[in-house]
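Undergrad: Chain residues, written in single-letter form:
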Amino acid sequence: MVAAAVAATLLAGCGAGAAAPDASSSSPAGGASGETLVVYTNSNGEGRGEWLAKKAAEAGFKIEIVGAGGADATNKLIAEKNNPIADVAFGLNNMYFAQVKAADAIEPYEPAWAGEVDASLADSDDDKAYWPLVKQAILLGYNSDKITAEQAPKDWTDLWSKDEFKTRYERVTGLGTATAQLVFAGILSRYKDDSGDLGISDEGWKQVEQYFQNGSPAVAKTDLFARIASGDVDMGQMPSSIVAEREKSFKVNVETVVPSVGVPLAVEQVALVKGTDKKEQAQKFIDWFGSADVQGEWAQQFNSMPVNKNAAAKAKPEVVEFFDGLKQQDIDWNFVQENMGAWVEKIELEYMT
Amino acid sequence: MIRLDNIEVSFGDFIAIPRLDLHVQPGEFFTLLGPSGCGKTTALRTLAGFIEPSAGTVHVDGRDVTRLASDKRQVGMVFQNYALFPSMSVRDNIAFGLRVRKEKSAESDRLVRDIARRVELSDEQLDKNVAELSGGQQQRVAVARALVLRPKILLLDEPLSNLDAKLRHQLRQQLKDLQSEFGITTVYVTHDQDEALAMSDRVAVFNKGAVEQIGTPQAIYDHSATEFVCKFIGDSSVLTPEFVAELNRLSGAGLHTAANSYLRVEKASLTRPAASGTAASGTAAGGTAVGLAGEVVSRTYHGLHSRYVVRSHGADIRLLVKEDGGAHPAAGAQTTVYVQPDHVLQYHPDTGVALAAHDLAATDQAGQDQAAQDQATAIR
Amino acid sequence: MSGTPAKSMLRSPFILIVGAVLTWFIAAFLVWPNANVLIETFFPDGNFSGRAAEKLFSSQRAMKSLGNSFLLAVALSITVNVVGIFIVLVTHYFRIRGSRILFLGYATTFIYGGIVLAAGYKFIYGEKGIVTTFLLTIFPGMEPGWFSGFFAVLAVMTFATTTNHMLFVANALKGVDYQTIEAARNLGASTWTILRRIVLPMLKPTLFAVTILSFLTGLGALSAPQVLGGRDFQTITPMILTFTNSPTSRDLAALLAVILGVATILMLAVMSRLEKGGTYFSVSKVSSALQKQKITNPAANVAVHAAAYLLFAVYTLPVVLIVLFSFADGAAIQAGRLSLDSLTVDNYVRVLTQPSGLRPFVISVIYSAVAAVIAVGGLLFVARILQKHKNWVTAVFEYLLHIPWILPSALLALGLIISYDHPNPLVGGAVLTGTTVILLIAFVTVKIPFTLRMLKASFASVNSSLEEAAAIMGAKTLYVFRRILLPLVLPAAAAIAALNFNSMLDDYDTAIFLAHPLVQPLGLVIKANTDGAEGVDGVSNTFVYTVLLMVITGLTMYLVYGRSGRRPGGRGRSKGRKNGGPLAAPGTAAPALPVVEAPDAKASAPSPVP
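The listed protein sequences derive, respectively, from chains A, B and C.
Each residue of the first sequence is one higher than the one before, counting from 4 in my numbering.
Each residue of the second sequence is one higher than the one before, counting from 21 in my numbering.
Each residue of the third sequence is one higher than the one before, counting from 266 in my numbering.
Please keep in mind that the hints were generated in silico from the structure rather than gathered at the bench.
Capping the alpha-carbon separation at 20 Å, the derived lysine to aspartate or glutamate pairs in EDC-like fashion look like this: (1) 329/C <-> 353/A; (2) 251/B <-> 214/B; (3) 559/C <-> 72/B; (4) 312/A <-> 121/A; (5) 251/A <-> 594/C; (6) 320/C <-> 353/A.
Cβ-to-Cβ under 10 Å is the rule here; a few derived chain A residues that face chain C: (7) 43; (8) 71; (9) 75; (10) 77; (11) 85; (12) 87; (13) 88; (14) 178; (15) 219; (16) 220; (17) 225; (18) 235; (19) 343; (20) 349; (21) 352; (22) 353.
All C-beta atoms, glycine included, are put in the ideal place defined by N, C-alpha and C.
For reference, chain A alone in the conformation it holds in the complex:
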């Protein structure tokens, strides 16, 4: 155990040593308080993390970004609730933050920009602990070089009810990702039935069954866009923010379907971690990060759709236009949050093949 202690010291020492260059590179000419904020996020990919660290430094915040997938970041926040490492968490959607809040790992805080966002997208409780930043649409996309808008499916249900699509869509092989869960939230919500199994009518479960009986199973480590490019499949699920960039990488053109009921919107949120010893600094950071200016720049940079009304003006027009024309599916998130775990379990056990 002495060795363990030594090791811990070593690791800590190494951590501190190696962390230093990161911090100094993002340290601004002045204003940094010297306290490094630890920020958990699942939204650090494709340069977002570096960009944010740089901007924050310019604004006088020294931050250290820790990236992890949505579910993993959620588990981490809960696991560390008695010894929190993080000060701020952002990027997780309402479903994840609801879990974190239920575990008592985040603490209510009303940011300075609370009035600039649609409060209905935030924590639905009265003591709001997480606040919306970015809207993300969960879409059904198809290869527009192969399929015209008229031929394209009009809704998810067309995929398995129409023969021409039955073998042409990629279906998921696991429900671990937020995107997959939201797709099913969107489909199942339509069949809400209090007398049905887990609040869903038999008809609803039949849809799920059909979804899995048809379709081409996703291939591990092979991107949907790669499969579209190779002609393996023609359509599948995708979050709105990745479309433009993947189209470019794989040299394909993809259009998206907007069903008549609308599309599920995932709203990325930000929250203050409970028990942080840098509370004041963390709150300042949240105020800064959610502000119209920063969100506007972020939107400009990463094709995102900010929730902050004042930031929308700075977002890319085509994005704003897309979201303006986008019909949001009316989903009872409380109902979804309550049942998602059970749904995933049922689907994994009974419908996935």
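Given the coordinates of chain A, assemble chains B and C onto it according to the supplied hints.
TA: Just chains B and C, lined up with the frame of chain A:
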């Protein structure tokens, strides 16, 4: 029965056996003796068919087996560690060769039981695991396994070398008895000269891949053909030129003073040998013991006898004195060493070959040799 | 040596101290956390809940996946043995031309595995793979997707998991007394008979042990079925991982894990039953070194050579392609097309110049090294005591130390979190979550069963009289341990530590739960850089990381094994066992790598005269 002609064995650049000729008679217990690394095991393995010689031929029972696989030569082998198959019972070990031959199981059973009886393994022992047997029992299993196939010759590769002294003596007898019982031609490899002398009909002494001497145990002991054999077999004192010169002076024998000279321990004595007056059996000069003055350097008591070192004319003469109750000189005492000049073994200082000079004394001494041999064994 | 009464054992202060530390460690990190997980999942409100079982047994998919996992485990136990024994024989037993090259080819499984290995095979045999394309030109009617399902998974996993054979069976083979082979030959046995009746039976304990490892590998199969299993052959592990991550379904994960754990224990029991009663070790102390056997039948010789080189191609092609593809862009990798002129070092530049840079490598190397050293170092004492004293107390301890084999590492990690996310008196009232220590504990814990088995075996091969000799001269227990025993088992210990080190380098399952967010090991960074989230570069990053990991693990293996390694080559007859360096070390360990009992003194020492 066995003939190795012009055998040469090489491993890559290294020539383990430059040239070897051996003839073994039917029924003979023939021993290959030498220090480790001398090529004796290589010779045995060539005979067994594990090593293919780079030149020469091997004949067994008149048949050229040089290119034949080991199992086609009708040779049985007992390995240094017995090489019993640990995963099989004693019975399966013995029956292994029979089963490989596809012998009928009833017949195989009979043969196994038969051989087991002859090597004195009980039925109960047959069903044991080999690890449960004692060293002696393991040896009997190994012999039985080799003999059950009725080989023409039996090869034994240092089968006693890993055992403790007492067991070694016991098993030596057991092996010899088994060999006489079966009457099988046996080639035995050992580095233990005591074993070789006691068990063999004839011995081939190996050194650096070559045979130094082949002969009966008595012949290689009393008339070691080379200095190497003389030093390797038995125990002897190195004589100085002054000592040899004094011997010549006293006896009139014509020993070479410049030769490397040795005297076996049992051939020197502190009393004048009673029966040393064998003038008839050779020249008077060589056949009579003469006394040389010396001083006792040390005495070690061994119960049956004492070992003495007596310094005389620069030579440390080692000798044995029977502890028969008589009075014996202590260290520091002046004494006389009696030596018969024709017992001195002389070798050419460059070639190591025995010198003819003392041959003049080496006529039929069988009786005396036998006596010396007996004495040596008894004392040991 | 066997059967020291428990009471007398407790008189040694050395044993008492080690025992106290061990009891604490087992209680704190093996029993308590795992009991917590199981209690929390099966007794959610203090009452037993049969929900999980009900759900699982009524799920067709779960049952089928579970069945597939078992099928794979059983099939793998057979095929890995067949292929593994074959490659061991051609590299170590038969005289095969170019066996050194063959060895290097077969040894590629030492340095890589997982999803990239499966992907590598897909590049070759998949629908657009090189071999498939070639076959299609010969048999145009052939199904391009032939390489999928059970057969493909089994094939890939078979070739990927012969590592244990190359290590342990090969070394056990070296311990076979050559004289027994000569004896059998002298008695007329053919090459095949000698192999079947003499050599293989002596390898049984090692074969049993590696069979268990193969069985475990099959049960836990994850990436190969995901990549190659297709619709019809999915296994249970992905489901366990999904359920572990979902708080409401954790009971299912735990139940599945327990089912697999019970199967593992059954397998252990069956194997030790099979093994019992046999003697597999040379009854002699003096044995001669194995010499390579010539295959006398010319037809058989040609056939074996052909098969050996075919396998060589099977083993090495994926590695070559992975290395090549690591220089290609992501789209090319995903499409499985390779053009030599498009290869650049961009991928490497990107991976190595990202903000985290080499830091995750350093962190992982330190974590793995420290964990490997602690696991091996600590268990050295424990293994010695367990091996030397056999009574009910040590038996209980030994079984408890196998707990990590029963539960998947994700659940072990969860157990640690549940138990130590609040001040706990077991660890002096500290909160372990959010510290750097908790991951280290998990790393050490996970490696305990394997390390213990191997160390115990290597102690078993140490002549007990050495220890007694030192004790008679008045040396204290610890001194004897340090000066006499340690040097003897050190090569084996180093080899075990190296294997542990390699296997933890890219760990993800435990790190994702336990890693300190600011001290993230490589596995997490790899995952972050390779999942879809990072875009199209993710896939090329996977390959870069794989190649970099190959370099590190290759280097480790070289440091431990390579330097002593004038590998098999024609040697003249050498009497007595070569006192080889670490290369021979697991060999001395391996013959004694029995599942349950090491050979007792009777079997390894010449018996005294009755």
